[in-house]
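S.K.: Make the full structure from the sequences, and use the hints.
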Amino acid sequence: MGEQAENVTPADSAGRWLTRERDAGRDTADRAALTGLLADIRDRVLNAARLRPGHDVLDLGAGTGLLTHAAARAVAPAGSVTAVDQSAAALAEIRTHRERIRPVVGDACHLPIADATFDRVVARSVLIYLPDLRAALREVARVLRPEGLLSAFEPVNARRRHDANLDGITPDEIEAIDRLRSSSSPSAGPMMSFDVMPFTDAALHAGFITPAVDETTVTEQLSTHADVDAHLHRRPHPGASSPVDLITRHLGAGTTARYVTAWHRAFDHAADRGGITFTTPVVYVTASIGAPRYGNG
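Once you know that position 203 of the sequence shown is 203 in the numbering used here, the rest is easy, because the numbers rise by one and skip nothing.
Heads up, a few of these hints could be off.
So the derived label-pair ranges between C-beta atoms look like this [unchecked claim]:
(1) Val104 with Thr280: 23 to 31 Å
(2) Pro112 with His250: 34 to 42 Å
(3) Met197 with Asp167: 30 to 38 Å
(4) Glu147 with Arg273: 47 to 55 Å
(5) Phe278 with Cys109: 28 to 36 Å
(6) Thr277 with Leu38: 13 to 21 Å
(7) Gly189 with His264: 29 to 37 Å
(8) Thr277 with His205: 33 to 41 Å
(9) His264 with Ala76: 43 to 51 Å
(10) Leu37 with Pro112: 27 to 35 Å
(11) His205 with Gly274: 39 to 47 Å
(12) Leu38 with Met197: 25 to 33 Å
(13) Ala253 with Cys109: 36 to 44 Å
These are calculated hints, taken from the structure and not from any lab test. Glycine residues also receive a C-beta, built at the ideal position from the N, C-alpha and C atoms.
M.R.: Quick look at the structure:
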């Protein structure tokens with residue numbers, strides 16, 4: 001049964017993906033690699049935020065608390081972290097931690113928070129999901145205090161590439177599958193449109209000064225046939241169907257069978273170089289709110 005048939009809300013879907021589906025099919029080595037990658041991202045986002053003891057921090061789209069817990073340690077003993085997410089199920093994973101962490105169920109584009117509440121806002125893979133990036137960044141600017149700072153990490157999915165040679169799948173079929181993926185869920189459109197220029201434009205319109213973007217790349221590898229199967233059967237993001245389910249529903253079981261076979265053949269051809277490699281451009285972004293101005297000057 002699909003998500004619509006189950007009457008699943010976006011918040012339910014996000015919570016289920018974060019707590020159960022994101023790691024589906026990953027073996028021990030793959031989970032360890034992902035854990036290491038996430039730790040590196042966490043540390044870089046928080047280092048760029050320049051957290052200090054006593055800071056009040058908003059973790060926007062906190063999920064299960066990757067940034068939340070480390071931020072709380074950095075601002076202790078007098079600081080606080082407010083973890084906002086649309087999914088109560090995800091926030092429940094951090095609800096029992098120290099009292100300086102406050103979980104809040106809320107929408108990033110309509111934050112249930114007073115103006116000028118935080119010294120810092122941090123986020124990881126959140127802005128890409130939002131249908132109105134300008135509205136979200138206006139909200140971030142609103143809840144930041146003067147001289148406050150946003151620090152975030154976001155992947156640029158429109159420029160994600162892999163080196164698999166899918167022999168037997170025509171260019172027209174690949175294009176059709178790419179179109180399906182780009183419209184497979186409400187968040188797929190924003191995910192595919194997020195890039196450096198849209199972020200910078202939205203940040204400036206929201207009132208930030210000196211938005212800065214540091215772009216690098218992240219590589220991931222399918223190193224076994226089991227990894228290939230997991231990739232084909234795992235939902236890539238909340239609300240999305242797996243590639244196998246999506247292709248079967250729209251292009252038929254025959255196309256799906258050829259697609260799966262093509263991926264496994266591509267892995268066989270790539271085994272001597274360690275497997276199939278995905279390369280994703282990612283950006284670490286910071287943007288600050290200026291100091292208050294007094295008088296007429």
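S.K.: The structure should be examined with respect to each hint, and the outcome stated for every one.
M.R.: So, going through the hints one by one against the coordinates:
no. : hint                           : in the structure
1   : Val104 with Thr280: 23 to 31 Å : holds, 30 Å
2   : Pro112 with His250: 34 to 42 Å : holds, 38 Å
3   : Met197 with Asp167: 30 to 38 Å : holds, 36 Å
4   : Glu147 with Arg273: 47 to 55 Å : holds, 49 Å
5   : Phe278 with Cys109: 28 to 36 Å : holds, 30 Å
6   : Thr277 with Leu38: 13 to 21 Å  : holds, 19 Å
7   : Gly189 with His264: 29 to 37 Å : holds, 30 Å
8   : Thr277 with His205: 33 to 41 Å : holds, 37 Å
9   : His264 with Ala76: 43 to 51 Å  : holds, 49 Å
10  : Leu37 with Pro112: 27 to 35 Å  : holds, 32 Å
11  : His205 with Gly274: 39 to 47 Å : holds, 44 Å
12  : Leu38 with Met197: 25 to 33 Å  : holds, 27 Å
13  : Ala253 with Cys109: 36 to 44 Å : holds, 39 Å
The structure shown violates none of the earlier numbered hints.
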